[in-house]
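Fit chain B to the given chain A structure using the hints.
So the sequences go chain by chain: A and B.
Numbering-wise, our numbering puts 509 at position 504 of the first sequence, and it's gapless, one number per residue.
Numbering-wise, our numbering puts 523 at position 9 of the second sequence, and it's gapless, one number per residue.
Any given hint could be a false lead.
Label pairs and their calculated CB-CB ranges [stated by the list, open to error]:
| hint | chain 1 | residue 1 | chain 2 | residue 2 | range |
| --- | --- | --- | --- | --- | --- |
| 1 | B | Ser681 | A | Thr353 | 17 to 27 Å |
| 2 | B | Lys645 | A | Asp357 | 24 to 34 Å |
| 3 | B | Ser681 | A | Ser665 | 34 to 44 Å |
| 4 | B | Asn560 | A | Tyr316 | 54 to 64 Å |
| 5 | B | Ser687 | A | Asn495 | 47 to 57 Å |
| 6 | A | Gln792 | B | Asn679 | 29 to 39 Å |
| 7 | B | Thr601 | A | Leu390 | 30 to 40 Å |
| 8 | B | Ser586 | A | Ser665 | 49 to 59 Å |
| 9 | B | Asp689 | A | Ile762 | 32 to 42 Å |
| 10 | B | Lys645 | A | Lys355 | 33 to 43 Å |
Keep in mind the hints are simulated off the structure, nothing from the lab.
Even glycine gets a Cβ: it sits at the ideal position worked out from N, Cα and C.
Okay, here's what each chain looks like letter by letter:
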Amino acid sequence: MALVLVPAILALSFSAQAQDCNYTLSGYILDEHDQTPLEYASIFIRELGTGANADQNGFYAIDRLCAGVYTLLIRHIGCEPREEQINIEGDLKKTFVLEHHTLELHEVVVAGKSERRELSLASSQLGEDDVFTSQGKSLAESLKSLSGVNSLQSGPTISKPVIHGLHSNRILVVNNGIRQEGQQWGREHAPELDPSAATQFTVVKGAASVRYGADAMGGVILVEPSALPSRQHLDGRVNLAGQSNNRQGTVSTMLQGGFDNGIGWRLQGSVKRGGDAQSAEYRLSNTGVGETNFSGALGYNKEDQGIEIHYSRFESDIAILRSAHVGNLSDLINAIKSDVPLYVEDFTYKIDNPRQEVSHDLVKLKGRLQMGQLGEVSLQYGFQLNGRREYDRRRGSNFNVPSISLDIFTHTIDMVLDQNPTGNLMGQFGISGIFQRNQNNAGTNASFLIPDYKTWGIGGFVTEKFVRENWELEGGIRYDFRILNPLVFNASNELLTTKYHFNNITASFGGIVDLGELFELKANISSAWRPPHISELFSNGLHHGAASIERGIFYQEAQLAENFEDAELPSEQAVKEVATLEYKGGKLRAEASVHHNIIRNYMYLRPNGVELSIRGEFPVFQYTRTNARFMGMDGIVNYQITDHWSYTGKYSLLYAKDLSANDVLINVPSNSFRNEVGYEVLNKLGMDKLYFTLEAQTVLHQGRAPQEFNDFQNADPPATIYDFKEAPKGYTLLNFRSGVEIDNFRIGFSVENLFNISYRDYMNRFRYFADDLGSNFSIRLQYTFKQEIKK
Amino acid sequence: MKNILKSLTVSGHYFTVLFALALLVSCGDDDPVAPTNEEELITTLNMVFTPTQGSAVVLKYYDEDGGDGPLSPVVTGGTLSSNTAYTVSLEILNESESPSEDVTLEIEEEGNDHQFFFEISEALNLTFEYKDKDANNQPIGIETEFNTGEASTGTIKVILRHEPNKSATGVSSGDITNAGGETDIETVPVFEVNIED
Numbered sequence: 006m007a008l009v010l011v012p013a014i015l016a017l018s019f020s021a022q023a024q025d026c027n028y029t030l031s032g033y034i035l036d037e038h039d040q041t042p043l044e045y046a047s048i049f050i051r052e053l054g055t056g057a058n059a060d061q062n063g064f065y066a067i068d069r070l071c072a073g074v075y076t077l078l079i080r081h082i083g084c085e086p087r088e089e090q091i092n093i094e095g096d097l098k099k100t101f102v103l104e105h106h107t108l109e110l111h112e113v114v115v116a117g118k119s120e121r122r123e124l125s126l127a128s129s130q131l132g133e134d135d136v137f138t139s140q141g142k143s144l145a146e147s148l149k150s151l152s153g154v155n156s157l158q159s160g161p162t163i164s165k166p167v168i169h170g171l172h173s174n175r176i177l178v179v180n181n182g183i184r185q186e187g188q189q190w191g192r193e194h195a196p197e198l199d200p201s202a203a204t205q206f207t208v209v210k211g212a213a214s215v216r217y218g219a220d221a222m223g224g225v226i227l228v229e230p231s232a233l234p235s236r237q238h239l240d241g242r243v244n245l246a247g248q249s250n251n252r253q254g255t256v257s258t259m260l261q262g263g264f265d266n267g268i269g270w271r272l273q274g275s276v277k278r279g280g281d282a283q284s285a286e287y288r289l290s291n292t293g294v295g296e297t298n299f300s301g302a303l304g305y306n307k308e309d310q311g312i313e314i315h316y317s318r319f320e321s322d323i324a325i326l327r328s329a330h331v332g333n334l335s336d337l338i339n340a341i342k343s344d345v346p347l348y349v350e351d352f353t354y355k356i357d358n359p360r361q362e363v364s365h366d367l368v369k370l371k372g373r374l375q376m377g378q379l380g381e382v383s384l385q386y387g388f389q390l391n392g393r394r395e396y397d398r399r400r401g402s403n404f405n406v407p408s409i410s411l412d413i414f415t416h417t418i419d420m421v422l423d424q425n426p427t428g429n430l431m432g433q434f435g436i437s438g439i440f441q442r443n444q445n446n447a448g449t450n451a452s453f454l455i456p457d458y459k460t461w462g463i464g465g466f467v468t469e470k471f472v473r474e475n476w477e478l479e480g481g482i483r484y485d486f487r488i489l490n491p492l493v494f495n496a497s498n499e500l501l502t503t504k505y506h507f508n509n510i511t512a513s514f515g516g517i518v519d520l521g522e523l524f525e526l527k528a529n530i531s532s533a534w535r536p537p538h539i540s541e542l543f544s545n546g547l548h549h550g551a552a553s554i555e556r557g558i559f560y561q562e563a564q565l566a567e568n569f570e571d572a573e574l575p576s577e578q579a580v581k582e583v584a585t586l587e588y589k590g591g592k593l594r595a596e597a598s599v600h601h602n603i604i605r606n607y608m609y610l611r612p613n614g615v616e617l618s619i620r621g622e623f624p625v626f627q628y629t630r631t632n633a634r635f636m637g638m639d640g641i642v643n644y645q646i647t648d649h650w651s652y653t654g655k656y657s658l659l660y661a662k663d664l665s666a667n668d669v670l671i672n673v674p675s676n677s678f679r680n681e682v683g684y685e686v687l688n689k690l691g692m693d694k695l696y697f698t699l700e701a702q703t704v705l706h707q708g709r710a711p712q713e714f715n716d717f718q719n720a721d722p723p724a725t726i727y728d729f730k731e732a733p734k735g736y737t738l739l740n741f742r743s744g745v746e747i748d749n750f751r752i753g754f755s756v757e758n759l760f761n762i763s764y765r766d767y768m769n770r771f772r773y774f775a776d777d778l779g780s781n782f783s784i785r786l787q788y789t790f791k792q793e794i795k796k
Numbered sequence: 515m516k517n518i519l520k521s522l523t524v525s526g527h528y529f530t531v532l533f534a535l536a537l538l539v540s541c542g543d544d545d546p547v548a549p550t551n552e553e554e555l556i557t558t559l560n561m562v563f564t565p566t567q568g569s570a571v572v573l574k575y576y577d578e579d580g581g582d583g584p585l586s587p588v589v590t591g592g593t594l595s596s597n598t599a600y601t602v603s604l605e606i607l608n609e610s611e612s613p614s615e616d617v618t619l620e621i622e623e624e625g626n627d628h629q630f631f632f633e634i635s636e637a638l639n640l641t642f643e644y645k646d647k648d649a650n651n652q653p654i655g656i657e658t659e660f661n662t663g664e665a666s667t668g669t670i671k672v673i674l675r676h677e678p679n680k681s682a683t684g685v686s687s688g689d690i691t692n693a694g695g696e697t698d699i700e701t702v703p704v705f706e707v708n709i710e711d
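In isolation and in its complexed conformation, chain A is listed as follows (with noise of 0.2 Å):
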């Protein structure tokens, strides 16, 4: 039979090359995951040396086309390019589609229309294959693998994203398109959301204020979940995740269905229980975890109209490590001259205090109409209110009474425009609402860490992007406005009720260049800025089981000024440049990413000498502003070394300074580098995927860390910055992580720090009392199911 056919499709194409040569070659790019045009793609001929591009609806158009066979070479900026054969008998019509890319994505599953954010920035996100791995681990454990991004931690429980060397209030967690309101000041509070309701995990690594709003000094971490169904099916999955660690489980399961009059609906939820950790050498007594996350969302969605109802309860139980808890500085020197943690007790699942229960509740409300010519308009509104209780080891009845008990409401409404491309220019309007009340509730009988306060803020923004066949400039500008009113008791109990105003403006520009096929280059440049947070300001006290004093801004400019009301509370602001080349050759693909930020009054704090009490001596710690540099490189590297082999090499280098007090800063992470080995076969031996990667991955000595002083007894504090312990020797862990797919189940199996290796990371505060997680075994379930229901 293919003996016949193939003389005679070669016949048939000489016979019409012969014939004619005006054939049309017509049709549309289209993005592969929500068919969104691609505006100006192009679209090129090998064979002839020519090609076309697409206009503002997608649609392209090749026409004087002689029959034969050719190679269709169809790139878009952003885009994986993709090569295609075509044969040519006729007019044909065809409509191809592209995949956005990031060398980090190998297979994300995208559905429907993610947030638009500006591309010259550098970001990644997190695979399908590294959102299946991070089951049951928390939001910032599972972006440490992405390069430039690391963790701020206390214990193995709490853990905080860190881009670029900044974090909590410097990082903005956009949950659901949800600006994510809670209590990041503290270091010990980790992002208050449960990872598994979302399918997506984007890490924008510049100051992308324009689009988001204040705080985005470092980045923006954008958590999101596919998009509501609109057709007829059905489809759920269950993931159950077992580690051997801490002996913890982690049960979560996801139905969605939709009806082809646009209506769709998604039930969610996630539990999760783990005991005491296990460093390499003993038991890290007190350090379990308990979660319970839901999540519902009801929505009605057709081309040009959509509104949807999501909410979402987030709630957990965490245990502090016992050793950690110290009631005063000879107690913490004690602690951290012991090699050994003073508390090693035996395995439980028991949360004894000190411990953390927090809870967070989103209801988020959005619309979207198409508005004719003018665009698409939408408008959201989300509700929060997070509630924290942390219970310390107090006396008596107190045992059970929490000392700091918070509740933080939230409302924030958006209204943006997303304005129908004219041209070469397709643009972005939006403003935004802010209102939040923080509320200390009674009955802790302990004082208040931080006071009470009301802010309200209002912002405006527009970015407009110019997109040509090898380039693409965009920019964009912000007006932010703010009010905070902290409701501050002065020491005769009178309240203090002096609002303070702050206002900024925030811009970005940026682009892309097609360097050839091969290269592609962005750059960008922003700034960002940050109402210093009320902690920063207000704190003055006793940071119970921390063992220290804190005093916020305010005390010193108060000090400095007349009367408080004259105290001069400054703005935190960053300029950040990134630029990112990307090779793209073969077998070999590579990212380099270099950034410069400059913050101006960034607020950090400083030791102040030492206090005494009946409870003994506490170091003082003062909220200080300095200016500050951070700078450094991301680099990634991926060579597919055969078929099923490859290389993939992640790097990190990062530089920190205080420009005006010359020195080190703190807490700034160290360069680091993961190296891994990946086998992966597809469809053999009945399985869709097999795969598996040994990683290497190695953190340095932090060498720009401040001095080590801890010997009060004999010698006053220095003035320069100065840590309780230096920084922690540098390590390498080995890591092992493999998976298979067969039809509608997914089973991974991994180890991490396979050789049960001691170690100790300057970036986990608990480094000053006991060593990192030893070896951890995990095992991995998914079974996924969809029903498409045929009428």
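Coordinates of chain B only, in the frame set by chain A:
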């Protein structure tokens, strides 16, 4: 259903609905809670030395704002007689409240979880012995006996540990080295003590 939704969306009314909802749930204006006094505040430690004959000597450590505040403590030392046995009892008070709260009772109730330690400078000729027991037959240190030797000058530091490991080596005889736990009281500056003939 479809018709209702359609009419809503087309007229754009649901934006209004969204706004209305947003306004509805926003800001109830509750008054902030006035700062609470630290319930576990300790302001005062009195160390009362009572000889078999003669009048008592009191070493007093007073910190008006307790552990959290910026005010410096006021420490009063004392003079003891040489070669004398003293019955010593500790008095822990919260004098920020009126009448003042006797925290000693609370510590005694939770005797299992508390122990006082006394660090005596080498130059000072002074020794001590615990005279009280908790439910596990381990010392607490509210009641002690101090014996002075020859005339000398030195210091005493009193430390109260919460949840110490009383069964660790040396702890029950007053050596703090292996005690662990968290410090609730540490009298720095230390008491200046003279022993005179």
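Structure-based check of each hint:
no., hint, in the structure
1, Ser681(B) with Thr353(A): 17 to 27 Å, "holds (20 Å)"
2, Lys645(B) with Asp357(A): 24 to 34 Å, "holds (32 Å)"
3, Ser681(B) with Ser665(A): 34 to 44 Å, "violated (52 Å)"
4, Asn560(B) with Tyr316(A): 54 to 64 Å, "holds (57 Å)"
5, Ser687(B) with Asn495(A): 47 to 57 Å, "holds (48 Å)"
6, Gln792(A) with Asn679(B): 29 to 39 Å, "violated (60 Å)"
7, Thr601(B) with Leu390(A): 30 to 40 Å, "violated (57 Å)"
8, Ser586(B) with Ser665(A): 49 to 59 Å, "violated (30 Å)"
9, Asp689(B) with Ile762(A): 32 to 42 Å, "holds (35 Å)"
10, Lys645(B) with Lys355(A): 33 to 43 Å, "holds (36 Å)"
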